[in-house]
Amino acid sequence: MFNYLEPPNAFYEFERIYSAQQWTKKQRWITDYLTEYRPDVIGFQEVFSIESLKLLLSGLGYEYFAVVDEPEVIDDFIYKRPVVAIASRDPIVAVAAIEHDVELAQALGLADSFTFSRQVLRATIELPHIGLSDCYVVHLKSKRSMIEVAECKVTTPEKNIIEHLKADIAGGWASTVQRGSEATLLMLEMIKRREATQNPMLLMGDFNNNLTDGVLSHLLTSSLRFAPAFDSKTYLEKYCLNDAWQLFVKAQTDCTEQAKQEATTVLKRTPTHYFGASSSVLDYILLSCEFDASYDDSFFSVSDYYTYDRHLVNPVFERDDQSTDHAVILITLTLRS
Numbered sequence: 001m002f003n004y005l006e007p008p009n010a011f012y013e014f015e016r017i018y019s020a021q022q023w024t025k026k027q028r029w030i031t032d033y034l035t036e037y038r039p040d041v042i043g044f045q046e047v048f049s050i051e052s053l054k055l056l057l058s059g060l061g062y063e064y065f066a067v068v069d070e071p072e073v074i075d076d077f078i079y080k081r082p083v084v085a086i087a088s089r090d091p092i093v094a095v096a097a098i099e100h101d102v103e104l105a106q107a108l109g110l111a112d113s114f115t116f117s118r119q120v121l122r123a124t125i126e127l128p129h130i131g132l133s134d135c136y137v138v139h140l141k142s143k144r145s146m147i148e149v150a151e152c153k154v155t156t157p158e159k160n161i162i163e164h165l166k167a168d169i170a171g172g173w174a175s176t177v178q179r180g181s182e183a184t185l186l187m188l189e190m191i192k193r194r195e196a197t198q199n200p201m202l203l204m205g206d207f208n209n210n211l212t213d214g215v216l217s218h219l220l221t222s223s224l225r226f227a228p229a230f231d232s233k234t235y236l237e238k239y240c241l242n243d244a245w246q247l248f249v250k251a252q253t254d255c256t257e258q259a260k261q262e263a264t265t266v267l268k269r270t271p272t273h274y275f276g277a278s279s280s281v282l283d284y285i286l287l288s289c290e291f292d293a294s295y296d297d298s299f300f301s302v303s304d305y306y307t308y309d310r311h312l313v314n315p316v317f318e319r320d321d322q323s324t325d326h327a328v329i330l331i332t333l334t335l336r337s
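Position one of the sequence shown corresponds to residue 1 (my numbering), numbered consecutively onward.
A few of these clues could be false.
Just the calculated beta-carbon pair ranges, DEER-fashion [said to hold, decoys possible]:
1. Asp-321 x Asp-231: 53 to 61 Å
2. Leu-60 x Phe-114: 20 to 28 Å
3. Ser-217 x Phe-14: 35 to 43 Å
Honestly, the hints are just simulated from the structure, not real lab data.
These figures come from a predicted structure and were not determined experimentally.
Glycine included, each C-beta is placed from N, C-alpha and C at the ideal position.
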């Protein structure tokens, strides 16, 4: 959402306030996207104005809306710490904020004060054909350094650079530890919930990290090193998550060898975020086995995967001036025959 905050309130600093025209453009951009693509369930990050968003979505057919936290307000009108939200055309029957296992966090070496940088939301939604399903919305800790250094005019320029370098190295690692810990503790709570309810799982949001570089790769754990092979095959799939993109590719390539090679060549994952000359995939939708067509008891297959990035790669000022700094991922689930 990139700072969804209704004026005359300010985000982070007192002068960062949308004009009436900017606010209208921001709401119009959201409306246009939802009107054109009509997702049934959608997760949001960086929400400050909760009631405003709820009202906007209600007018677009999203009768069900939920948050589990509130942004922090300082100096009466300056907001920080935005929250995540979820909207659905289908009934949301229960909502909860994820509470991590404190004893386990301590065993991992985390401080007693550890918390998620943004509260994780779980909404249990009555989805067509499959019934009660647990949808999680996240906005994991960013890569921004957790340590800041104030400029000191007393020291030399070289000393200032050294202090910034040390803070950047240590603060960047602190952010990595926080992000990885959030993912780990969340995944364990998801497994615990899955065991108790057997509800299908969907995890969506801004992960602020590539899934394959090691920090978050455990979210896609699909094998156990020392467990008996038969038991792993029998039970493990039920508790694992799958990248929706990979499920889509697998569905497209599950045919002849020639078609598989052709499809793999054509299919290339689109970045969801750009920073300078670099690009990366930071936003994901992860699904449990009920959405994996190769799983014998699955209900759905991922028949389409679309990354909406027009506002990033080919922006039009009048249309995209107040959009968002990330691409939007949209998947289509088709009921298996």
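Going through the hints against the structure:
| no. | hint | result |
| --- | --- | --- |
| 1 | Asp-321 x Asp-231: 53 to 61 Å | 55 Å, holds |
| 2 | Leu-60 x Phe-114: 20 to 28 Å | 37 Å, violated |
| 3 | Ser-217 x Phe-14: 35 to 43 Å | 41 Å, holds |
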